[in-house]
Amino acid sequence: MRSIRTVGAVVLAAGLALLLAACGSSGGSSSTSTTASGASALSTGGYKSPLTEALSGKRGGTLQVLQETDFEHLDPGIAYFSVDYAVIFATQRPLYSQKPNSTAPTPDTAEGQPEITDGGKTVTVHIRKGIHFSPPVNREVTSADVAYGIERGANPDVANPYLQSYFKSIEGMPTATGGPVKGIETPNKYEIVFHLSEPKGQIVADALVLPLSAPVPKEYAEKFDKNKPSNYAAYEVATGPYMLKNNAEGKVLGIGYIPGKSATLVRNPNWSASTDYRPAYLNEIQVKIGGTSTVLGRQVLEGTNIVQNESAVAQPNVRLAAEKFKSQLEISPGGGAHYIGVNNAHGPFKNVDLRKALWAALDRASMDKARGGELVTNVATHFIYPTINGFEQAGGLKGPSGPQFDFNEHPEGSMAVAEKYMKLAGYPSGKYTGGETVTVVGSKGSPAEQDAEIVNETLKNLGFPTKFTLLEASTMYAKYCNVPKEEIDICPSVGWIADFADPQTVLNITFNGTTITPTGNVNWGQTNVPKINKAMAAAEDVVGNEARAKAWAKIDEEIVEDAASIPFDWDKQANIEGSTVNGVGDLWNVGEWDYSYTSLK
Amino acid sequence: MSATAELVPSGGDNLEFLDVGGDIAARSPLQLFWSRLRRDRVALVSLGFIVFLIVLAVAAPLVVSVLGLPGPDVQNLNLTDSFGSPLGPSLSHPFGVDPLGEDVMSRVIYGARISLEVGIVGTGISTIIGVIVGMLAGFYRGVVDTALSRFMDVVLSIPILLLGLGLGAACSVRGCVSGLIQPGVGTIIFIISLATWPYIARIVRGLVLSMREREFVEAARALGASDMRIMFREILPNLTAPIIVYGSLLIPTNILFEAGLSYLGVGIRPPTASWGQMIADATPIFSTAWWYMIFPGVALLLTVLAFNLLGDGLQDALNPRNAR
Chain A
1 MRSIRTVGAV
11 VLAAGLALLL
21 AACGSSGGSS
31 STSTTASGAS
41 ALSTGGYKSP
51 LTEALSGKRG
61 GTLQVLQETD
71 FEHLDPGIAY
81 FSVDYAVIFA
91 TQRPLYSQKP
101 NSTAPTPDTA
111 EGQPEITDGG
121 KTVTVHIRKG
131 IHFSPPVNRE
141 VTSADVAYGI
151 ERGANPDVAN
161 PYLQSYFKSI
171 EGMPTATGGP
181 VKGIETPNKY
191 EIVFHLSEPK
201 GQIVADALVL
211 PLSAPVPKEY
221 AEKFDKNKPS
231 NYAAYEVATG
241 PYMLKNNAEG
251 KVLGIGYIPG
261 KSATLVRNPN
271 WSASTDYRPA
281 YLNEIQVKIG
291 GTSTVLGRQV
301 LEGTNIVQNE
311 SAVAQPNVRL
321 AAEKFKSQLE
331 ISPGGGAHYI
341 GVNNAHGPFK
351 NVDLRKALWA
361 ALDRASMDKA
371 RGGELVTNVA
381 THFIYPTING
391 FEQAGGLKGP
401 SGPQFDFNEH
411 PEGSMAVAEK
421 YMKLAGYPSG
431 KYTGGETVTV
441 VGSKGSPAEQ
451 DAEIVNETLK
461 NLGFPTKFTL
471 LEASTMYAKY
481 CNVPKEEIDI
491 CPSVGWIADF
501 ADPQTVLNIT
511 FNGTTITPTG
521 NVNWGQTNVP
531 KINKAMAAAE
541 DVVGNEARAK
551 AWAKIDEEIV
561 EDAASIPFDW
571 DKQANIEGST
581 VNGVGDLWNV
591 GEWDYSYTSL
601 K
Chain B
1001 MSATAELVPS
1011 GGDNLEFLDV
1021 GGDIAARSPL
1031 QLFWSRLRRD
1041 RVALVSLGFI
1051 VFLIVLAVAA
1061 PLVVSVLGLP
1071 GPDVQNLNLT
1081 DSFGSPLGPS
1091 LSHPFGVDPL
1101 GEDVMSRVIY
1111 GARISLEVGI
1121 VGTGISTIIG
1131 VIVGMLAGFY
1141 RGVVDTALSR
1151 FMDVVLSIPI
1161 LLLGLGLGAA
1171 CSVRGCVSGL
1181 IQPGVGTIIF
1191 IISLATWPYI
1201 ARIVRGLVLS
1211 MREREFVEAA
1221 RALGASDMRI
1231 MFREILPNLT
1241 APIIVYGSLL
1251 IPTNILFEAG
1261 LSYLGVGIRP
1271 PTASWGQMIA
1281 DATPIFSTAW
1291 WYMIFPGVAL
1301 LLTVLAFNLL
1311 GDGLQDALNP
1321 RNAR
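Residue numbers (our numbering), protein chains in the order written: chain A, 1 to 601; chain B, 1001 to 1324.
Hints are not guaranteed to be accurate.
Facing chain B, from chain A, some residues (calculated, C-beta under 7 Å) [said to hold, decoys possible]:
(1) Thr275
(2) Gly373
(3) Gln450
These are computed hints drawn from the structure, not numbers from a lab.
By construction, the Cβ of each residue, glycine as well, lies at the ideal position given by its N, Cα and C atoms.
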């Protein structure tokens, strides 16, 4: 799980402190196919979406990709940034992965669904035969390669950001440093078994959709992993349909990937279509890094075999595409959630009624309009967002219902309801007279900045004196919003992307009181309600999609009732493509292009 | 009409002969200065613009309400289209609106307050510091001069933009020096004062060094005047002209510096309107909202130009030997 527009350090610290997940013992996945989650939340106003794209295409051709931001990490053991994922999932095959139009895991390097036995304490996965590493390794993938891929995640010189969040229950993992882990067994070349110290088989199995489970050849990678930090990415081999272009020694750096400049994906000659579900239409993908998003977008819209891959396409270009290049715009729902972190532990907003007053007064519709309007947003009314299992059960688009949720019923803001809660909080005039100055720390840059300003103005309208600061997103998270002792009252620019479609990955780390950490804290409101903590502990063990959806939806409702933080936007990702591209975005990541399905007309 | 020559002191000790018509009359330095400035049309127009700007800034709330504009912080997302793009100039919003639906004209008018405040106050503080330090260094010479001059060298070698970025970021949330330096205008004025006083100090030092040897200083000393009296009552009045000239040329530099810092996001903080910050916000949406960049940009351009031209005019009028 990732905080929006951060990754790396922030999430690393969060992950280390995380106590995720005990799920029950039976098999099956807690993720769901999104077709179950309300059509209205997934509607894209008549524009193409991953759900409407034809997944067939013409074979051949070279796709040009423009992206403003460089990759963070292209090592499958480290990558955690949505922009990195576009390359990772075209070149690497984790045990499971998702088709672009679904959030359900599809066996990838695995041959079938994971078997969870022994009361949830053992997970067995069978490996598909006939998958080969790209040159210069060339040999067939075995279970030992998957084991090494995961084990090296614990190597401090690799330092996988989510290993401890999801795989800590594997026996020996908490003390592992990159060598063999006691709880990872490979009885034969095509079988891998995870022995767990706790019955958390479900979440371990679910997390096998993450790139960490992609096979890595030990005899080849080990020498690179001995470097501090590991430079395996500079020589990495692929199992997917594409590979980063390399030389005879396997060197990628400076050839297939030039940091800050370009990346070139070519076909993996050892890839066999019969072992993979990906069609892989394109012959080559050339990524050009740098430039200004607004300029890149125009080049794409007026170009042919070209796409832009960005965590957010510039607003003027989304508008231009919608007005003039409608067929070149794809909207992907499920781009994550944005909300306002409200400090429950310190300052005026310890008072739940003041939190509700702020929620009621906020014009969330305007906040979403500043983000680009209905085309790319839905007004959020709770925390489990569209495409995540449990979205409908938690109230769908409308949110939880009942008189106790009156503060949530006015997306355009209601000062009357706000006044009611101000009075309940002990301010009879309906305005705050407590004298405490509210510290607001938001993120710079459009549209986060505009949203933060709307929040600041609303606070002032409610009578709160404010101290308003906008910082770079990384500073905002790392120095202030993720650090409880800074006692920031309002963090208006925080957001969350789930790692996979289980509701636990959306709610647990962000609202469970036991996950609060001194730094890298992503429970931004420092919500610590014993009732909610207890409910989460119980819900972690619940088995089966429906049951989990229900259990976590109930928790979602309790978090809303506590006004623990204020959700305002469920994001939809806008992707733009040139006139001859038949681009396919994904539903399961934040909606970026899937190069294994994209083709040229 | 008779041509007469009039002996007039100018700029302290400059002597100048002027042709004047009509009755012979002694003119005060101020009158003479004004008569010269009056002939410089460019400087006059600039002065007029600056006076207009000052009136606009001081009376901003009144001007905005007379023009029937909403306040600078009044958000109205109904003034953006369905994609969230701001609407352009119209009768009710002559300069258009920004992405929050705030009136750009209203923000440009209020932005003048910040620019002038930073320009004038920042320059004022650095001038006072510069004059005092320069005076001490020039008057006492020797060890004092060496120490102060080296200190000025140190200050002048600080990369000011980097310092601004650093301080702006470090003091951004809680302020610095136990809240003494507050984020926003306070920080910017502090940085500007810190960075620019040595320029004034160096000039003052040089002038004082030569002036302290003059007869009138000797005379004052012979009469038993204290050092303080000599410095501030005898020498300082003779430095007025260069101080005014250099001070007025420093103002536009400081205004641009504020705009630069605000553009980089460490200066004036929203919701306070600042031209630099508006230009920064407008950059990514220029293709859909040109007005958001053009109007604050033009305001900044005209203001800086006016101060520069006025500074040049003042220099000519106060020190006519210094032909440009």
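Consistency of the hints with the structure:
1. Thr275: 44 Å, violated
2. Gly373: 5 Å, holds
3. Gln450: 5 Å, holds
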